[in-house]
Amino acid sequence: MFKIIVCIKQVPMVSELPWDSKTGTLKRELAQGMMDPASRRALEAALRIKEDRAGEDQETHITVISMGPEMAREILYEAKALGADNGVLLSDRKMAGADTFLTSFILAEYIKKESPDFDLLLCGSQTSDSETAQVGPQLAGELLIPAMGYVQSIELDDGMVRVQRHVDDFMELLEMDLPGLLTIDQGAYSPRYVALEGIERAFHTDDIRTVNAGDLGLDRDFNALKDSPTRIIDVYSPATRKENQVLKGAVKKVVGQLFDEYGKIISGAMGKDLKTHDHEGAK
Amino acid sequence: MDFMPCYKHQLIRKTVKEFAENEIKPRVSELDRDSEFPFDIIEKMKPLNYFGLQVPGEFGGADLDTISYAIVVEEISRVSAAIGLCVTVHNSVGIYPILKFGTREQQECFIPAMAAGESIGAFCLTEANAGSDAGGVETSAQKIEDEYVINGTKIFVTNGGVCGTILVFAVTEGERDLANVFIVEKERPGFSVGEIEDLCGMRANPVSSLFFEDCRVPVENLLGKSGQGLKIGLAALDAGRIGIAAQALGIAQAAFEDSVSYARERQQFNKPIAKFQTIQNYLADMATRIDASRLLLYRAAAVKDSGKSFSAEASMAKLHCSATARKVTDLAVQIHGGYGYSKEYDVERYFRDAKVTEIYEGTSEIQKMVIARHILNQPS
Chain D
5 MFKIIVCIKQ VPMVSELPWD SKTGTLKREL AQGMMDPASR RALEAALRIK
55 EDRAGEDQET HITVISMGPE MAREILYEAK ALGADNGVLL SDRKMAGADT
105 FLTSFILAEY IKKESPDFDL LLCGSQTSDS ETAQVGPQLA GELLIPAMGY
155 VQSIELDDGM VRVQRHVDDF MELLEMDLPG LLTIDQGAYS PRYVALEGIE
205 RAFHTDDIRT VNAGDLGLDR DFNALKDSPT RIIDVYSPAT RKENQVLKGA
255 VKKVVGQLFD EYGKIISGAM GKDLKTHDHE GAK
Chain L
51 MDFMPCYKHQ LIRKTVKEFA ENEIKPRVSE LDRDSEFPFD IIEKMKPLNY
101 FGLQVPGEFG GADLDTISYA IVVEEISRVS AAIGLCVTVH NSVGIYPILK
151 FGTREQQECF IPAMAAGESI GAFCLTEANA GSDAGGVETS AQKIEDEYVI
201 NGTKIFVTNG GVCGTILVFA VTEGERDLAN VFIVEKERPG FSVGEIEDLC
251 GMRANPVSSL FFEDCRVPVE NLLGKSGQGL KIGLAALDAG RIGIAAQALG
301 IAQAAFEDSV SYARERQQFN KPIAKFQTIQ NYLADMATRI DASRLLLYRA
351 AAVKDSGKSF SAEASMAKLH CSATARKVTD LAVQIHGGYG YSKEYDVERY
401 FRDAKVTEIY EGTSEIQKMV IARHILNQPS
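Chains D and L supply the protein sequences, listed in that same order.
Under our numbering, read the first sequence as residues 5 to 287, first letter to last.
Under our numbering, read the second sequence as residues 51 to 430, first letter to last.
Please keep in mind that the hints were generated in silico from the structure rather than gathered at the bench.
Do not rely on the hints blindly, as some may be mistaken.
As a list, the in silico DSSO-like pairs of lysine-lysine whose alpha-carbon atoms are at most 27 Å apart [what the hints assert, rightly or not]:
| id | chain 1 | residue 1 | chain 2 | residue 2 |
| --- | --- | --- | --- | --- |
| 1 | D | K7 | D | K117 |
| 2 | D | K246 | L | K96 |
| 3 | L | K377 | L | K405 |
| 4 | L | K321 | D | K252 |
| 5 | D | K54 | L | K75 |
| 6 | L | K94 | D | K54 |
| 7 | D | K7 | D | K54 |
| 8 | L | K94 | L | K64 |
| 9 | L | K418 | D | K54 |
| 10 | L | K325 | L | K358 |
| 11 | D | K54 | L | K64 |
| 12 | L | K58 | L | K96 |
| 13 | L | K75 | L | K94 |
| 14 | L | K75 | L | K377 |
| 15 | L | K236 | L | K94 |
| 16 | D | K246 | L | K75 |
| 17 | D | K117 | D | K54 |
| 18 | L | K405 | L | K393 |
| 19 | L | K418 | L | K150 |
| 20 | D | K230 | D | K116 |
| 21 | L | K75 | L | K418 |
Quick caveat, the model's predicted, so the values are computed rather than measured.
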């Protein structure tokens with residue numbers, strides 16, 4: 005039996021997310037949740053490994069783990085509908101507000117306690133809501149296992165894994181011993197659509213386990229929000245400032261004005277020194 | 051009473067929405083313009099169980115409850131009412147009567163291929179002289195030894211151009227004229243498909259006439275008991291009405307969403323038209339009608355799943371959802387002004403697609419007859 009754990013996260017559905025332009029923040033409370041796109045690719049990688057191995061009559065078991073509020077249960081059902089075998093929801097008010105450091109710690113505590121015999125741990129390279137790309141590598145650090153990021157293809161080979169990833173202008177082919185952790189690149193493993201039959205099946209058996217801070221043996225006064233070393237100072241959308249300036253008047257006058265004011269920018273864009281043209285003479 | 055959607059229904063909506071937006075939406079205008087049935091999209095829908103929505107797992111279906119079924123049809127129709135029509139007709143009036151009235155042998159013979167989408171279902175009742183008046187059906191079935199010989203012409207058959215398994219409403223000649231429903235496979239000699247209709251809306255669905263000329267089927271293809279035709283037809287239409295109500299709701303929802311975003315963007319008198327009270331009134335009216343329609347629809351679906359008679363509830367849902375679709379698409383065009391009358395904008399298509407939801411699967415007038423009959427049949 006080859007055991008895969010996939011860590012998935014629920015993120016706000018940004019396409020439907022109201023954006024408060026005055027404060028520059030997302031109105032998260034109004035957002036619908038969805039499975040983070042990179043997490044979904046990590047799950048897809050696990051499903052393809054399972055299918056390939058099933059073709060050779062070899063068993064594979066996929067556990068999906070998510071840390072989040074109760075509503076994150078929905079993506080665990082979705083993962084089951086896609087073909088995961090069971091789901092775990094790490095959910096507790098004490099875990100709320102965890103930064104990447106404590107998220108990795110909590111995930112590692114669960115895995116050490118409940119699934120220490122895993123072979124492969126998969127994460128998305130980075131989540132669409134915070135884009136830190138830190139949880140995967142930090143989780144490997146907590147578990148003291150090897151890790152590789154931004155993986156595009158995986159091949160299993162007797163106790164190790166051979167992966168490809170795109171780095172700058174070349175492809176890397178790497179090998180790593182198992183158990184180990186891989187994060188799946190955002191462009192790899194295009195996820196499948198959920199079959200409706202899978203959804204009905206996912207809800208037939210209630211094998212999504214909820215685990216709280218007490219179950220993990222975390223300190224009674226553990227408080228992720230307070231204990232997280234990361235502080236978010238500000239969240240803002242990068243402002244792009246565009247201002248249109250309309251030049252009015254006779255053609256001769258506005259062309260002159262255009263070159264006077266923007267000549268340097270235009271010559272820069274064209275890669276030509278426009279000063280060689282004597283527009284001064286046109287005046 | 052819980053009005054909040056459960057995780058399952060939320061997930062079904064997201065799943066179908068994602069498929070429809072990614073796979074159908076980019077091509078929907080072109081399919082409408084060219085009256086093209088999208089075989090390639092249908093291929094992608096097959097393995098995802100869109101053709102076996104409520105079929106039990108043993109026959110390869112998704113085994114969904116009826117609210118889930120309504121959500122699926124609503125979300126497909128929100129993007130393409132014509133493909134939504136294909137799905138709902140296939141599942142409700144194509145498959146449902148065989149599941150409800152068919153023998154085990156008939157189910158084993160026909161359902162797996164239909165659930166896999168390999169054989170598209172059609173239901174044909176309407177004829178040149180028989181529509182709302184089902185009693186006027188002239189297509190005949192004569193029993194000769196162990197076969198029925200079917201003769202007649204059916205018109206306005208949804209999925210007609212692509213159907214593989216057809217439920218045919220016919221009158222059996224004999225001592226008494228009995229209404230019956232026969233399962234006809236498209237390969238039967240004597241069966242042929244007419245021209246695809248040039249319709250106002252639903253243009254990507256190959257609606258056509260079907261011809262039966264000495265078309266012979268074995269007696270095993272009679273659905274239910276002899277003489278049960280009317281009962282089967284009415285049961286099929288009750289189920290079909292939930293599907294058409296869902297389709298109408300999907301059209302209305304799409305028209306509403308487009309109107310909200312257009313009203314926010316369109317500037318007149320130096321401000322977005324959404325700032326004008328008239329437009330706000332329109333949007334509030336649209337939203338309220340849609341919400342009421344959705345509640346009626348899900349109620350009808352829940353009653354069906356409870357195993358109770360859902361005929362009146364289905365008629366109310368269909369009556370209200372189709373009226374909503376027509377009203378909301380009308381207002382959507384109005385909000386869009388001249389652009390709404392142009393094929394450049396989707397509301398023009400919604401407007402054309404909406405009208406027929408008040409006509410097929412029983413006209414609005416027939417729905418009122420059904421509802422009134424239920425009221426007056428109650429003990430006083």
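The hints, checked one at a time:
Pair hint D/K7 plus D/K117 holds up; C-alpha atoms about 15 Å apart against a cutoff of 27 Å. Our distance criterion of 27 Å between C-alpha atoms is broken by D/K246 and L/K96, whose separation comes to about 48 Å. A threshold of 27 Å between alpha carbons decides the hint, and for L/K377 with L/K405 the separation of about 9 Å falls inside it, so the pair holds. Of the supplied pair hints, the one linking L/K321 and D/K252 holds, its CA atoms being roughly 25 Å apart against a limit of 27 Å.
Simply put, D/K54 and L/K75 have alpha-carbon atoms about 32 Å apart, too far for the 27 Å limit, and the pair is violated. For the hint pairing L/K94 with D/K54, the CA-to-CA distance comes to about 22 Å; that is within 27 Å, so the pair holds. A threshold of 27 Å between alpha carbons decides the hint, and for D/K7 with D/K54 the separation of about 10 Å falls inside it, so the pair holds. Distance check on the hinted pair: L/K94 and L/K64 sit about 17 Å apart at the alpha-carbon level, within 27 Å; holds.
For the hint pairing L/K418 with D/K54, the CA-to-CA distance comes to about 54 Å; that exceeds 27 Å, so the pair is violated. This hinted pair does not check out: L/K325 and L/K358 have alpha carbons roughly 47 Å apart, beyond 27 Å. The suggested pairing of D/K54 with L/K64 holds, with an alpha-carbon distance near 25 Å, which does not exceed 27 Å. Restraint check for L/K58 and L/K96: the C-alpha separation of about 21 Å stays at or below 27 Å, so the hint holds.
For the suggested pair L/K75 and L/K94, the alpha carbons sit about 14 Å apart, so the restraint of at most 27 Å is met. Among the hinted pairs, L/K75 with L/K377 is consistent with the structure: their alpha-carbon atoms are about 23 Å apart, no more than 27 Å. Among the hinted pairs, L/K236 with L/K94 is consistent with the structure: their alpha-carbon atoms are about 23 Å apart, no more than 27 Å. Note on D/K246 and L/K75: the hinted pairing is violated, with a Cα-Cα distance of about 32 Å set against a maximum of 27 Å.
For the proposed pair D/K117 and D/K54, the alpha carbon gap of about 24 Å is at most 27 Å, so the pair holds. Between the alpha carbons of L/K405 and L/K393 the distance comes to roughly 17 Å, so the proposed pair stays at or under 27 Å and holds. Taking the CA atoms of L/K418 and L/K150, the gap is about 25 Å. The hint holds against a cut of 27 Å. Between the alpha carbons of D/K230 and D/K116 the distance comes to roughly 24 Å, so the proposed pair stays at or under 27 Å and holds.
Only pairs whose Cα atoms come within 27 Å are accepted, and L/K75 paired with L/K418 is rejected, the gap being roughly 35 Å.
Going down the numbered hints, you'll see the structure goes against 2, 5, 9, 10, 16 and 21, while the others check out.
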